[in-house]
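Peer 1: One letter stands for each residue in the lines below.
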Amino acid sequence: MSAIAFPVPDAGILARRESIIAGLARLVPPQALITSDDERRPYETDALTAYRRMPLAVVLPSTTQEVAAVLRYCRDEGVPVVPRGSGTSLAGGAIPQEDAVVIGVSKMNRILEIDYANRVARVEAGVTNLAVTGAVSAEGFFYAPDPSSQLACSIGGNIGMNSGGAHCLKYGVTTNNVLGVTMVMLDGSIVEIGGAHLDSPGYDLLGLMNGSEGQLGIVTEATVRILRAAEGARPVLFGFPTSEQAGSAVAAIIGAGIIPVAMEFMDKPAIEICEAFAKAGYPMDVEALLIIEVEGSDDEMDAQLARIVAIAREHGVKTVKESKSAMEAAAIWKGRKSAFGATGRIADYICMDGTIPTGQLPYVLRRMDEIVKGYGLRVANVFHAGDGNLHPLILYNCNDPVEAQKAEDAGMDILKLCVEVGGCLTGEHGVGIEKRDLMNFQFNPEDLAQQMRVRAVFDERWLLNPAKVFPLEGRVAA
Amino acid sequence: MIIHTPTTEAQACAVVKSVVDSAVPLTLRGGGTRAGLGRPAQAASTLSSAGLTGITLYEPAEMVIAARAGTPLALVQETLAERGQMLPFEPMDHRALYGSEGEPTIGAVAACNISGPRRINAGAARDSLIGVRLVNGRGEMIKSGGRVMKNVTGLDLVKLLSGSYGTLGFLTEVTFRVLPRPERIATLQWRGLSDEVGVALLAKALGSPFEPMAAAHLPARIAGEEALTLLRLENFSDSIDYRAAELALLLGDYGTPDLLEGTTPAELWIDIRDASFFAGSDDAVWRLSLAPTNGPQAAAAIVRMIPAARCFYDWGGGLVWLAVPAYGDAGAALIRAALKPLGGHATLVRAPDAIRAGVDVFQPLAEPLMRVTAGIKQSFDPAGIFEPGRIYAGI
Numbered sequence: 001m002s003a004i005a006f007p008v009p010d011a012g013i014l015a016r017r018e019s020i021i022a023g024l025a026r027l028v029p030p031q032a033l034i035t036s037d038d039e040r041r042p043y044e045t046d047a048l049t050a051y052r053r054m055p056l057a058v059v060l061p062s063t064t065q066e067v068a069a070v071l072r073y074c075r076d077e078g079v080p081v082v083p084r085g086s087g088t089s090l091a092g093g094a095i096p097q098e099d100a101v102v103i104g105v106s107k108m109n110r111i112l113e114i115d116y117a118n119r120v121a122r123v124e125a126g127v128t129n130l131a132v133t134g135a136v137s138a139e140g141f142f143y144a145p146d147p148s149s150q151l152a153c154s155i156g157g158n159i160g161m162n163s164g165g166a167h168c169l170k171y172g173v174t175t176n177n178v179l180g181v182t183m184v185m186l187d188g189s190i191v192e193i194g195g196a197h198l199d200s201p202g203y204d205l206l207g208l209m210n211g212s213e214g215q216l217g218i219v220t221e222a223t224v225r226i227l228r229a230a231e232g233a234r235p236v237l238f239g240f241p242t243s244e245q246a247g248s249a250v251a252a253i254i255g256a257g258i259i260p261v262a263m264e265f266m267d268k269p270a271i272e273i274c275e276a277f278a279k280a281g282y283p284m285d286v287e288a289l290l291i292i293e294v295e296g297s298d299d300e301m302d303a304q305l306a307r308i309v310a311i312a313r314e315h316g317v318k319t320v321k322e323s324k325s326a327m328e329a330a331a332i333w334k335g336r337k338s339a340f341g342a343t344g345r346i347a348d349y350i351c352m353d354g355t356i357p358t359g360q361l362p363y364v365l366r367r368m369d370e371i372v373k374g375y376g377l378r379v380a381n382v383f384h385a386g387d388g389n390l391h392p393l394i395l396y397n398c399n400d401p402v403e404a405q406k407a408e409d410a411g412m413d414i415l416k417l418c419v420e421v422g423g424c425l426t427g428e429h430g431v432g433i434e435k436r437d438l439m440n441f442q443f444n445p446e447d448l449a450q451q452m453r454v455r456a457v458f459d460e461r462w463l464l465n466p467a468k469v470f471p472l473e474g475r476v477a478a
Numbered sequence: 479m480i481i482h483t484p485t486t487e488a489q490a491c492a493v494v495k496s497v498v499d500s501a502v503p504l505t506l507r508g509g510g511t512r513a514g515l516g517r518p519a520q521a522a523s524t525l526s527s528a529g530l531t532g533i534t535l536y537e538p539a540e541m542v543i544a545a546r547a548g549t550p551l552a553l554v555q556e557t558l559a560e561r562g563q564m565l566p567f568e569p570m571d572h573r574a575l576y577g578s579e580g581e582p583t584i585g586a587v588a589a590c591n592i593s594g595p596r597r598i599n600a601g602a603a604r605d606s607l608i609g610v611r612l613v614n615g616r617g618e619m620i621k622s623g624g625r626v627m628k629n630v631t632g633l634d635l636v637k638l639l640s641g642s643y644g645t646l647g648f649l650t651e652v653t654f655r656v657l658p659r660p661e662r663i664a665t666l667q668w669r670g671l672s673d674e675v676g677v678a679l680l681a682k683a684l685g686s687p688f689e690p691m692a693a694a695h696l697p698a699r700i701a702g703e704e705a706l707t708l709l710r711l712e713n714f715s716d717s718i719d720y721r722a723a724e725l726a727l728l729l730g731d732y733g734t735p736d737l738l739e740g741t742t743p744a745e746l747w748i749d750i751r752d753a754s755f756f757a758g759s760d761d762a763v764w765r766l767s768l769a770p771t772n773g774p775q776a777a778a779a780i781v782r783m784i785p786a787a788r789c790f791y792d793w794g795g796g797l798v799w800l801a802v803p804a805y806g807d808a809g810a811a812l813i814r815a816a817l818k819p820l821g822g823h824a825t826l827v828r829a830p831d832a833i834r835a836g837v838d839v840f841q842p843l844a845e846p847l848m849r850v851t852a853g854i855k856q857s858f859d860p861a862g863i864f865e866p867g868r869i870y871a872g873i
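The listed protein sequences derive, respectively, from chains C and E.
Residue numbers are given in the numbering used here: position 286 of the first sequence equals residue 286, and the series is strictly consecutive.
Residue numbers are given in the numbering used here: position 309 of the second sequence equals residue 787, and the series is strictly consecutive.
The following block holds chain C by itself, in its conformation from the complex (with noise of 0.2 angstroms):
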């Protein structure tokens, strides 16, 4: 696939490159600067691996005042920077190009401090998402977004890229669960921003990096909250005859005052291929599946699947089938978390990420296979089924060209489905580079100009992460 733009290199910036390479061996350790061919080459791309430029360099500091450190250089060298977490973005955020140094926090991975009676923890960007849970999860704790890719993502680009998960229906996303980050500006200043306290005075400048894609300055350290485990917790799958009933069961749920933690869809191709993998007993004679988890004590979790399962039966639901053990539950998530995966093992994928609104959920389902099959290929549904954030998985093969380009075009068709049903072109995993040039489709000039006059105060030059989320064409500066 070529279809997507990055800027034409900046020449005399390439012919600079050893240069600037001695400059930033001034201010790391050597083994935090990567150079040589070889090495750079595990930071070309990220999970959106169609696309892949080396980087000019990889620099992989340790501590803040490095990052600070480097961000001057280049920002004095006018050298493009591209922040990079663990590299698991779907969507480009972290590709660089070829006349960019790579900042990775990677080996920013302490948990700096746990405060149980307060509800928090500090810890360094490169910290991986499962690591947080993991470092409190003995005193029953955990930090509640938990995308897929929750074992390797890292929390400073969950922060980038404001990190869903499936159980986000309850407990919020990445924005509405950290209070506060250490944060590296362009010209290397250090600033605070939020803290182990709530709502910070002046505009929420918090709420504006999440979700900022390295464009406005690099996390460095963040406070995050977290929670105390509900006392257990259950999966049960429900497999419907048809998408649509799947769907206003959902909706009747809530409906009913229930707002279960979890509430996940997967469509018949995705239930075989997720099955074929995890052996978790997925029911296959369905052609919907609902995954909804309940919390709480276990006569809490009998008497709310007792309302649910009376909701399912009003919509026809055919099978239910509750997880009997802390094995079988891992299995049912196992299946869905490893969906990306699983669909990796049959066929090459590209993966959505637009939301709807989820009383559109049929019609958009109906002309989603429409979309696919007039292109000639096949799609896999998983997707968030509370909150309308939607996953197709387009396969193809990505040995023929003809092919690839049909399936990006396909993508493209359906996020602009969303955004025509009223919702939005990525619900969390970030445009990147990949949705970048759907943005007018989702913004009118006026919108995005705005947006782009607010990244500007943090980077007038378009130095940090620029070939991401803004059209290349008709970028404003201050």
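Take every hint as true, because none was put in to throw you off.
Computed cross-link-like contacts, DSSO-like style, restricted to lysine-lysine with a CA-CA straight-line distance of at most 30 angstroms:
#1 Lys-682(E) with Lys-170(C)
#2 Lys-373(C) with Lys-334(C)
#3 Lys-621(E) with Lys-416(C)
#4 Lys-621(E) with Lys-170(C)
Computed Cβ-Cβ distance ranges for the label pairs, DEER-style:
#5 Gly-281(C) with Pro-842(E): 51 to 61 angstroms
#6 Pro-7(C) with Val-498(E): 30 to 40 angstroms
#7 Ser-500(E) with Phe-6(C): 38 to 48 angstroms
#8 Gly-670(E) with Gln-65(C): 47 to 57 angstroms
#9 Ser-715(E) with Lys-268(C): 31 to 41 angstroms
Derived by calculation from the structure, the hints in this document are not laboratory data.
Beta carbons are placed, not taken as given, at the ideal position from N, Cα and C, and that holds for glycine.
Place chain E on chain C using the hints.
Peer 2: Same frame as chain C, but now just chain E:
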């Protein structure tokens, strides 16, 4: 004073465009019940949202409601209640504290990020605000966010607008995510605990799996002679029975709590939400936000320096409401010095204009952040026409 009352977004844009060139500052007004927030505005004209009313979208099954900015908050809440839903963040009503009149609007709740006791668990107004439409200082119509709760498309200007107190733009329409109303609400109440012990109780409860929705401590002589320590549970009825019993067991060392149902605790929680205990006095009122377990220490340090100070705690101790005599700087220097070693920030919520004009109502920001703040203001409102000086002098 001129009052502009546009009835369409196009008219609102036209009003702003008409004043940009002359740089005549505007104060933005909803119901006018919270005009005491921030520094006294220095504006010649008023841009009112009173002509922009009505609920524009309500989808109970999608848990989303949108309304024009001037829509009375009460109408939004009644509409939600008819379908068994509510705003998640329990917005404070400032009328008691300010002695103001009029109808609070949904737009002002968004613009000032107004929350209440549920904030500790369910998030602030900014966490539920998912979409805004606004007129910026160039007279352009801008949208950010939308009607779906998961949306990371572009920079999150929704967050910037929430808590901007009108300094960035004139909101015309706001969209919130909503939640089901609980089947039952009950409050566990302990009597006679000291501030330290009461806040320790709240911390232990908030760190339990039993999900208190609100957690407050009222020292002696705030709501009666005895101190009250309060945990509010919201859930299905069976769960309330179970969780109240489990919490009483977990917190047995603190004494046996009463379980209160019905209207008495509801009124008490409204008083906590609205800081009504400080209504009717001439005292200056501060709001301190800090790590919850530091609340009592901060309050004690302040009372040592200002013996007439009175306080109570919401958000498990993390929100300290403080009343002090309204003279000089209303205690600004002392209060902020007391917070310095503990972290957090202090906001002067009520004081005579003369005092609020002379002190930083909001905690001053570090220099690089103040520069960013000025830049953001400039990016929305280059001529500086919206609420000049409302949040910081010169912004």
